[in-house]
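Protein chains: 2
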Amino acid sequence: MSDEKVIANIKGLGIDMIDEASSGHPGIVLGAAPIMYALYANHLNVNASDPTWFNRDRFIMSAGHGSALLYATLFMSGYALTIDDLKQFRKLNSKTPGHPEVFKTPGVDASTGPLGQGLAMAVGMALGEKILKERYRINSEESLIDYNVYALVGDGDLMEGISYEAISFAGTLDLDNLIVLYDSNNVSLDGPTTKTFTENVRARFEAMGWDTLLVHDGTKVDAISHAIDKAKKIKKPVLIEVKTVIGNGSLLQGTNKVHGKCLTKEDIAQLKAKLLLPNEPFYYDEACLNYMRSKIAKRVDEKYKRSNIDYRDYVNGKCAGDKTLASYVFNNEFHYNLFDNDWHFEDHQKEATRNTNNIFINYLSHNIKTFVGGSADLGSTTMTYVANLGDIKASDYSGSNIWFGVREHAMGAILNGMALVNLKPYGSTFLSFADYLKPAMRMSALMNLPVTYIFSHDSIFIGPDGPTHQPIEQLAMLRSIPNMKVFRPADVKELLGCWQVILNSNHNPSCLILSRNDVLIHQNTNAKNTILGGYIYYKEQEKLDTVIIASGTELTYARNIGYELATKGLKNFRIVSMPSIEQYLECNDEYRNNIIPNNVKKIIIEAGSSFGWHRVTKDNTYYITLEEFGVSASQKDVLDYMHFSYDEVKEKVFKIMNIK
Amino acid sequence: MSDEKVIANIKGLGIDMIDEASSGHPGIVLGAAPIMYALYANHLNVNASDPTWFNRDRFIMSAGHGSALLYATLFMSGYALTIDDLKQFRKLNSKTPGHPEVFKTPGVDASTGPLGQGLAMAVGMALGEKILKERYRINSEESLIDYNVYALVGDGDLMEGISYEAISFAGTLDLDNLIVLYDSNNVSLDGPTTKTFTENVRARFEAMGWDTLLVHDGTKVDAISHAIDKAKKIKKPVLIEVKTVIGNGSLLQGTNKVHGKCLTKEDIAQLKAKLLLPNEPFYYDEACLNYMRSKIAKRVDEKYKRSNIDYRDYVNGKCAGDKTLASYVFNNEFHYNLFDNDWHFEDHQKEATRNTNNIFINYLSHNIKTFVGGSADLGSTTMTYVANLGDIKASDYSGSNIWFGVREHAMGAILNGMALVNLKPYGSTFLSFADYLKPAMRMSALMNLPVTYIFSHDSIFIGPDGPTHQPIEQLAMLRSIPNMKVFRPADVKELLGCWQVILNSNHNPSCLILSRNDVLIHQNTNAKNTILGGYIYYKEQEKLDTVIIASGTELTYARNIGYELATKGLKNFRIVSMPSIEQYLECNDEYRNNIIPNNVKKIIIEAGSSFGWHRVTKDNTYYITLEEFGVSASQKDVLDYMHFSYDEVKEKVFKIMNIK
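Just so you know, the sequences run in chain order A and B. Residue 82 in this note's numbering sits at position 82 of the first sequence; the count goes up by one each step and never skips. Residue 328 in this note's numbering sits at position 328 of the second sequence; the count goes up by one each step and never skips.
Mixed in with the good hints, there may be bad ones.
Since the list can't tell identical chains apart, any single copy or any two copies may satisfy a pair.
DSBU-like cross-link-like pairs, simulated, lysine-lysine; straight-line CA separation at most 30 Å [as the list claims (entries may be wrong)]:
hint: 1; residue 1: Lys87; residue 2: Lys636
hint: 2; residue 1: Lys660; residue 2: Lys618
hint: 3; residue 1: Lys232; residue 2: Lys655
hint: 4; residue 1: Lys618; residue 2: Lys652
hint: 5; residue 1: Lys636; residue 2: Lys232
hint: 6; residue 1: Lys618; residue 2: Lys571
hint: 7; residue 1: Lys87; residue 2: Lys104
hint: 8; residue 1: Lys601; residue 2: Lys618
hint: 9; residue 1: Lys5; residue 2: Lys232
hint: 10; residue 1: Lys652; residue 2: Lys232
hint: 11; residue 1: Lys655; residue 2: Lys601
hint: 12; residue 1: Lys230; residue 2: Lys369
hint: 13; residue 1: Lys660; residue 2: Lys295
hint: 14; residue 1: Lys618; residue 2: Lys539
hint: 15; residue 1: Lys636; residue 2: Lys265
hint: 16; residue 1: Lys257; residue 2: Lys636
hint: 17; residue 1: Lys91; residue 2: Lys636
hint: 18; residue 1: Lys350; residue 2: Lys265
hint: 19; residue 1: Lys257; residue 2: Lys350
hint: 20; residue 1: Lys655; residue 2: Lys618
hint: 21; residue 1: Lys543; residue 2: Lys618
hint: 22; residue 1: Lys369; residue 2: Lys195
hint: 23; residue 1: Lys232; residue 2: Lys195
hint: 24; residue 1: Lys601; residue 2: Lys652
hint: 25; residue 1: Lys195; residue 2: Lys393
Everything labelled a hint here was simulated from the structure, so no lab data went into it.
Given only the sequences and the hints, what does the whole structure look like? Please build it.
Have a look at this one:
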């Protein structure tokens, strides 16, 4: 059996999938099949019959349009994919969607498609391995965790800013468990990279603390395999540039025309002839299959058995008392009752929620082995720095604080990678910079990953830094992401409730929105009610006419307006605190109709865009919100300028309620 | 007079501004003042009394937290800023906001603050200069346009992915009119860059086609100035790394503690003593002022005069017939009546709006000298490539197509830079990747820049590429940006109307949302009505009961449902086409109450998030929208899965209207 024969099978299957789907990307299938074969057959430590084995090597197809290539490779490697599955490529509910989707296909370790995300997630997985390795040590030499992370990237991935950020981060932290295979074909979707991408990629990586290797001929399995061997021994992250020809063997090879369009029947026929394959759709050679599968098994079986024995010994011995290990790290389900701790908060004390949040960050970091995170160079002001547990550094990954640098976008994707290896990660920056992370946050939501994004400096209340730093539409943006939960607690008690929900959310990301300005601890807030997303903070004394709804610091506005209304003898109003619209919308109709009834006035007070509140109130809604950019001035002047001072908000409420 | 004395004045003023405001960033003021002095006194070709001179050198303070340093430098350079203006630092309606804001302060060429944006805008300005230089040539040697672009960046800027993208782009296009001054002090907000940023920055830039220079001692004006001299002669973009000490002279110098907090009174006192300044707030030496101002004048006066003569000659001669020159390039006001052309479109013809849009892109590129743009490597599928006008290349900037590469985020900021030098730029990618551009788009909106963002593949209708490529919440995200106008035309006639608005929008960015799927050309659509944002597409025959509102391709759904309703004898419904909510909201109440009256049912049909439509309909609203992620499948299966097939949408409408 020759390697070339197996590769021909992979190519043939990939091309047939695209042809059957009438859609897909043949260029990478024909160009990069030898790379995939070399990696899976000779290096990747995986067990196709246990695709979620916790100690497997990870592979990320960062060039997500290479899905057909990935699926064909997985099929030949023995994963639970059938020829019928391959025929269902890009079809509804198949195991073979248009771009790779984690949890849908055995052997797919991350969802990819938007370029750059996959590479940055691979960095997160590599960092995750380093962290887990320290936290689950068997002895000073060995750990339960010991694997490499591989990614396949194209020119497009490397042009994306997020990939630069992630690469620079990986270089700084010296992630020598990371090997990136660069399908270097000098062509991107629109044309040759001479028009767009003329940098010396390897020199750039070397400048960023990586080692690099070059494989001149990407059709040579031995050369690729030799390079991977070398890379595994290098004590730095490694980029292997493999020179390939896009669409190799197609009549359109070497051009952008073969990137994303189906091959013609004629082209397929001549290609298969070249590859010595019968011109028969979905043909594969059983002997090739067995050859590739046995290569993997021969290499991995021993390690796999040993890993499971170690795990059993570990669980029964060293960590018998560590519930988080079995329940989370290795099964990806996590339950934690924060209410078991005896929390005590002083009512009426004033403190910014970014500060009180530091209590929880510290508590969780000390109590949950997998809870780890950091900040994009704003930890000292988002207040997410953990005391006494040290930093995660190139020389020592046993600490707790990750220094992401000013790399918000990569931070998001790195958190995704960490969550994919079953850590419970968090990252922080200012709310206005949430924009920088959005593409990665969408991926968290799409992959159902329990990542926690912490955003402080949550509104115009920050004052003089001006409109670039004053979020307006960011809350709306976050709330609009499907499967994302946004929490904006009013005080430390609500914050406790938010964390209780966040910690037990195994299948969605969360945003925790915190204030820089001081808030009082309310008498009427309640951690347990917070879990419901919205609850009655103050109940009307007579027939209800108006519901005032607020979140975060604006609950103080609502409370004080409530006092003034009561002083005036008003008894027909209710105040609802709404720390999480998404949690509230999960409550049943009865609850919601009870909290915010129809046919009464609803007044929403929030220092942000009105977008998204229509989900909460169906009729008679008045918005006291912000729809324009802020301004640089003192807090007081900003609030005046934006017509959002307490007095002005109060007057608006009074007017809506027809009070003089 | 010594340079050091002037620099001491700049430092003293910067520190006093921060002290007076009780907020700001002293670290960069004290570290980078010599860089700013060297640049302004010895190199930057500007005329402080004509700060918008079209042929001035541009300077961008990319490290926007260096605003106090910038304002102090501008003051010493003779711009129309008074000591009172400096005292108003970070106060409401001052000329000296917390971060630099273009059009608010004479001499400020771009708004900055979110890191990386400024550097990428500088790249856009440098590209803009290259393009304008070709388009406004006096003869084969000389052009009306001939200036350099300078930026000051810090470590934070260079960690951001957007800066990498922009740098790689600048290297590819060989922008030798760009000189970046790197305030290299090894400290960022959270601490030393040894923890976050260990790459060899100069080696990285060199790998990306830049030349680099190093100034070992950032307190030496001569060394800095000599480097800038050298850089101006180098036929590549140049990075000058200037080693500085953050907060130089403060008791906290060299640490992150001096980055963003006011100095104590004691620290200010000892600092001023060191600087040989009297300890007196807002002190400056008139002789220093005169010295610096005369240095600039002596260097620039001749060039300035010559430039204005050239301009007058040019306008009166060569380009007498070119209205766009005088009206736009040099005055930043642009009017164009697209309706003057005799457009003819065939009703009922079916074509995707991404295709029909190519007609306009071509027309405008051929007819408007300043209309120029490109795509982030998707031009061949967003269909924004201009035929017959060639590409913009490193060797020749006279073409029309910009190849941004897979660099969406930098594309946004580069477009901002181009708009800031009075081009009328556009850029294109898929709508789902709008996420990658968001931070730059927000800057367009904040700066009131007429940038056009073109997003094709506008909905789940794209089918098999799956959820990563299917926009859901993106339309809402774009609409939520203050001062952003979003257009989603139903067909080519509405597209014409959209372009008419976009071309004449001088003070806001626009998004043009286009379909990949074919749409028919409606009989009832209307280019001129499109300008109103929303209009009656089909009018009820009897008393109005229900208004069906749709945008883009979904107008076809509405139209067909309308036919079915009419067939059933229904006469009480109206169909409204809503290509732009923001345009519609600018119409007066009377118009809007007429188009979408209260107290009737409103049904919104749009293949995207419901967020934001509450601005259009105040009551009785039913949403047929999409709130969950899509799926990889054929178009038909995707629509079924998302309950958005024509039949299902029709059934929903019927149900809302109580029709069996």
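Which of the numbered hints above does this structure break?
Per hint list: 3, 5, 10, 12, 13 violated.
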